[in-house]
Amino acid sequence: QTIRYRPSLQRRHAKSGVLLGGSRNVIGNHWTKPWGVQSFSQRANVLQSLVPTIPNTPLKTKTFVGAKLTATDLPEILGNLRCNLNRNTRWHWRHEPQVTALQWGYKLEETFPRSTHYYDYVLAADVVYHHDCLAELLDTMLHFCQMGTTVIFANKVRYQSDLVFIENFQKAFNTTLLTELDEVRIYSATMRF
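Numbering of the sequence shown is given in this note's numbering, commencing with residue 414 and proceeding in unit increments.
Derived lysine to aspartate or glutamate pairs resembling DMTMM-like cross-links, with alpha carbons at most 25 Å apart:
id	residue 1	residue 2
1	K569	D595
2	K584	E596
3	K584	D545
FRET-style restraints, in silico, Cβ to Cβ:
id	residue 1	residue 2	range
4	L576	H508	32 to 40 Å
5	R503	L594	30 to 38 Å
6	Q511	L576	33 to 41 Å
7	E549	V570	17 to 25 Å
8	D552	L576	15 to 23 Å
9	M560	K584	15 to 23 Å
10	T529	R503	27 to 35 Å
Please keep in mind that the hints were generated in silico from the structure rather than gathered at the bench. Beta carbons: idealized from backbone N, C-alpha and C, even for Gly.
Let the sequences and hints guide you as you build the complete structure.
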């Protein structure tokens, strides 16, 4: 399973990061380096902040070995997210998981100020599904990225709008295609400055 700015000389956490999406196994099966992650998505929105852990381990194991976890979703879905998060991680964490509302492109600086929210990784898995909000999704990805942030983006190409989003993503970030399996593409990216 996979777990979800402003450049500064001091960071609040040694490692942290971000995930957008519901396809949580996709990235974990292909990412081969130790990583710290924080994740978010619009629907199954999971924003999870992890200290360095071993990839391809269950969420319980990652939180137990020191993950700092913040899960996000739309405000009306937070109860369900909190229930699922507690069910999957109960008594298996060093730092109690946090649950926070996130709506793509909406009050990002107010909710997640860049001055206090730095992420080493942004993981986005299978998030290109609400095709009316793709500009907001890209804005949200950009907001969570700063100098030194790496984006890992996995997506199954289903529609033409997926390709348009990937094209815009590649314009906004320096990208490398890590792997392509069937129609699933996984990119590593850093922000263009």
